[in-house]
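Participant: Chains as they are written, first to last, in numbering that gives the first Met the number 0: chain A, 0 to 314; chain B, 0 to 385; chain C, 0 to 396.
Hints were generated in silico from the structure; no laboratory data involved.
All figures in this text were calculated on a predicted structure; none of them were measured in a lab.
Mixed in with the good hints, there may be bad ones.
Straight-line C-alpha distance at most 30 angstroms; calculated BS3-like pairs for lysine-lysine [what the hints assert, rightly or not]:
id, chain 1, residue 1, chain 2, residue 2
1, B, 63, B, 11
2, A, 183, A, 107
3, B, 11, A, 15
4, C, 238, B, 160
5, A, 212, A, 223
6, A, 184, A, 210
7, C, 184, B, 257
8, A, 58, A, 71
9, C, 368, C, 10
10, B, 216, C, 391
11, B, 264, B, 183
12, B, 102, C, 337
13, B, 296, C, 305
14, B, 84, C, 269
15, C, 337, C, 305
16, B, 213, C, 368
17, B, 183, B, 347
18, C, 184, B, 63
19, A, 135, A, 2
20, C, 238, B, 296
21, B, 296, A, 135
22, B, 213, C, 171
23, A, 15, A, 213
24, C, 305, B, 11
25, A, 58, A, 183
26, C, 306, B, 84
27, A, 109, C, 368
28, C, 184, B, 70
29, C, 184, B, 84
30, A, 153, A, 109
31, A, 135, B, 347
32, A, 213, C, 184
Covered stretches of chain B (in silico footprint by chain C; criterion: 3 or more residues with CB under 8 angstroms from a CB of chain C, positions within the stretch not fixed) [stated by the list, open to error]:
id, region
33, 17 to 25
34, 140 to 153
35, 234 to 243
36, 255 to 267
37, 289 to 302
38, 357 to 369
Here a beta-carbon is modelled for each residue, glycine too, at the ideal position from N, C-alpha and C.
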Amino acid sequence: MSKTVVEINNLVKRYKELIALDNFSMSIKEGEVFGLLGPNGSGKTTTINCLLSLLSYDKGEIKIFGEKMEPKRRDIKSRIGVVSQNVAVFDELTVYENVDYFCGLYIKDKKTRKQYVEEALEFVSLTEFRKFFPKKLSGGLLRRLNIACGIAHKPELIIFDEPTVAVDPQSRNKILEGIECLNKKGATIIYTSHYMEEVEQLCNHILIMDKGKKIAEGSLSELKGMIKNTESVVVNIRHLKDENIEEIKKLHHVYDVKYMNNILTIKCSGGKHNITHVAEYLKNENIDYDRIYSEIPTLNDVFLEITGKQLRDKE
Amino acid sequence: MQVFKAFMKIVKSNFVGVILYFGICVLMTIMVASQYGGNKGTRGYTNTSTSIIVNDNDESELSKAVVEYLKSQHDVDMAEYDEDKVKDLIFSAYYTAYIDIPKGFMERHLDNDPLEINAVFDTSLPDGNYVSLQLGSYVDGIVRFENAGFSLSEAIINTQKAVEPDSFIDLKASSKGEGSTHSKTFSLFLFLPYGIMSIILWCLLPAVSRFNVKDVKDRTMVSSISANERNIALFTGSILVSSVVYVGMSVFVSIFLKGKIFSMKWLLSMMNLLIFTLVTVGMVVLISSFSATSILKSKDIIINIISLGFSFLGGIFVPLEVLGDEVKTVSRFLPTYWYALGLEKIEKGAVFNDILGCFGMEALFGVVCVTAGLAISRVTLYIKER
Amino acid sequence: MFLNIFINRLKINIRDKQAIGWSLLFSLALGTLFYCAFESIYKNAVNTVVRTAVVLNAESNTFGDMGEILKTIQYDDGTKILDIVETDYENALLLLENEDEERAVKGIIDLRNIEDIRLVLSGTKNENGEIGNAGEIEDSILSSIVGVFRQYSLMISETIKNNPERLGEVLKSLERKTTELIANKSISGGNKDPYVTYFYSLITMMAMMAMMSGAAVVESGQADQSPQGARTEVSAVNKAVYEIAGLLAVCVVQVSVTMIGLCYLVFGLKINFGADVTYVFLTAALATILGISLGFFVYQFSNISKKARENILMAIVVGGGFLSGLMIPNMRTIVEMKCPIINRINPSAVITDAFYALNMYGVGERYYKAMIYIVGLTVVFISSGLILSRRKRYASL
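With the rest of the complex left out, here is chain A:
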């Protein structure tokens, strides 16, 4: 059985009246790529900052590698790498010097450090930019430099806090491949992002949180099993009468029907041949349609259904 790398129990964090974390608990096993999801203001970054002992908290317990995490635990910190949301590099240092500087905060031995820095640069494909100053790098390259600075010392636990914000698809793929590679090499990863497809691609364990609380947790399939929607049948129809819509609603397993802009979306819960039932109904009613297809729910659907669709920043 794999070891527990991170354990958070009943964490409570208040900002005056606002409860940022409300008895929040989570556990991460060694070798996992752990996705931490939640809308803006749900408490993801607060959780990570508490985990890193940057933020004080009102109640609860945090253990990393089985030991209580405190600001002075340099031994634990040396085993953690952080790739923050903000690019945290010095404009006055070159790419190489930046990685060397941050790696130097963990690794004393000059020779080892040099080797690690070279490997980190190679890992993020920045070797040819080693003499560049950050201001000369594109957004994608800058993000990769940010990653190199966080992982150069070969940590066992790496926290990625939205590392692909404002990055083009090519760079994003490169970053995701890199994270997969790090995981394969044995690192445990905590990954937060708003891009659901990234989490879906990377994470083998996902936790969704909202308003400081854990709402759902499990593997991707487990999460999908938690929501009502199991299949959406989509049909492109030019003309549809209201009575037809009402009749479709009455079909077996169907719980929601919408018809907008010539697109009929039928949401089903359970059942195995929903698309066939819909197609049969349309045929029987002699209704012409262009295309019919079935969609299984994505993490995005899971996320929206669990956390609701209203805008969070406005709350």
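Assemble the complex: chain A is given as a structure, and chains B and C must be docked to it using the hints.
Facilitator: Relative to chain A, chains B and C alone:
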């Protein structure tokens, strides 16, 4: 309106700095004005008066007469200090001399074995020498009159009579002028440019520069607000802020001038200050045409270099008459020089055209600043577009 | 680890060309301006010979050859006071009015009537048409000298009137020197020019401006102040090691900047600081370190907003500079007289006092005291800063 509102909010965020510079300006003005005093010496002759410390250890009839005489000539503080303290006070020009009358001074004087009065001063400077000379001749006069058979009180009266300057000095009207003292209006107005420059630069430079930061400027330019509207908003904001600073400073000096406001001298000085205020806005236009990020990063140093440099070189902190000719050649290119000269001319009641000439030169500096600022902005834009 | 942080922080500071450039420009520009403004003031103020016309006739030489007597009068430092032009009254008046500074006289001593010796000075008309003279120092010196001769004259006439038998004795006593009853003592010191205070203040301000670099060390190492700080704080580095290495790097760069500025003042402009320049450099270096430590200390109070901390530093630089004499040279003495505690707690005044002590007293007790105070304050600021910055959790980021 949005640009104007945001501009004013940024200006407001610099309020603490404004209070600090205003405080410095208030203190300086009060102190210097109190040093200048009033309309001394405009009628008859008055000897130079300096600040001295006297320590009378004897407290005899003779020593008291000496102290009284010194008090009639100088600002005397009675105190006893150790040698180091005396040195500090004289070096810093806080006092000109320290006069120490020893105990037994009169007794030994009557015994014909006189004790010396100690006078400590910077012997390289004439002020201390003058105090010593004056004191020497007074004490000496008393001794000589006594030697000539007069009683001590008669000797004191006779000496007093002999050294009373009004009785032997004839004044001839001269067009050269003495000009070492100034009116309160002059003294109070002289130090205001430092405050005006510091406060206006402190408020406006960061605010204007913030709008000139590339991203903010670009975002504003692509919005529905036109470049002209943006510039007008910034200009209006700058003028409004400058006006508030000008009014604040004017009210401040006018409080001290009570009965002298609305006189011609006051009105002309106010006009001089108004022109200088506008020139400072022109300086903001010029400076902010350079890299906005650099200005924001180093605003403290820039403001200090300009406000202190212009004040020292332009006759604000150091009177124009003591600046060397070479220095004045450079100073002529500064608005502070023309401000101080204008004030000097107002003080001396020069003809209006002369005063107007100074105002013109001052304003010209502002016009040059604005023109240069606009030209630099245009050239920078042209280079970027290419 | 220490060395790595030190070297990289050194690179960061050296490559911040803008900050270094402005600091250098500040010292070079203001140094030059101060030099231009003050270079000649003290030299011009030092004892000068007063060109004076003397009008004599046969009666004038009652007390001896008056022209010669007047020529021998000296300042205490041995400089002659009067440059005598013997002439007739009409010509003397023309000389008094002469526009040519070289030829003009400051006053006329009229010795034609020995019982009523007169001094003629020029004055200006006021608004009511009355002539006034506020008494320039040269005029006052002349008035004082004439006062002595009037005493002699009065003494003789009064003696003839009241004690004619003592006339011989009185005339003999006139040979004694006037100033024998006064023991003059000059203040000693390397450079007695009070305007050198402006240069003390300039170096002090340069030193105090280094506090922004001290603040930058805190900013780069604290999670609640910058992303780099967050990265540093989650790393395995000992925070004290990080900050000391950072401070050391800042000190190397900022002290070098101050030294370059000071070299310009000492060797370029040849400003006389009145003491062995080695100590001037040492004082400036320690002053810069004090400035850095102060910035380091103030920026530890992260619960205060950044704007407020910036304002505190600005108040220390500008307000402290003002109180230590940047704008008014005797301000430090005024503060010393009215509220001396301010001079003890104002770092700028402490530094200025060290320069002053060095100039006026040389390397001695007072200088050492000032230096110990500077070093003491530095140690207090740095150690307090280190204690405040010990690894902690923040209430918010």
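Participant: Which hints from the list above does the structure break, by number from lowest to highest?
Facilitator: Hints 1, 4, 6, 7, 9, 10, 15, 16, 19, 22, 25, 26, 27, 31, 32, 35, 36 and 38 contradicted; others consistent.
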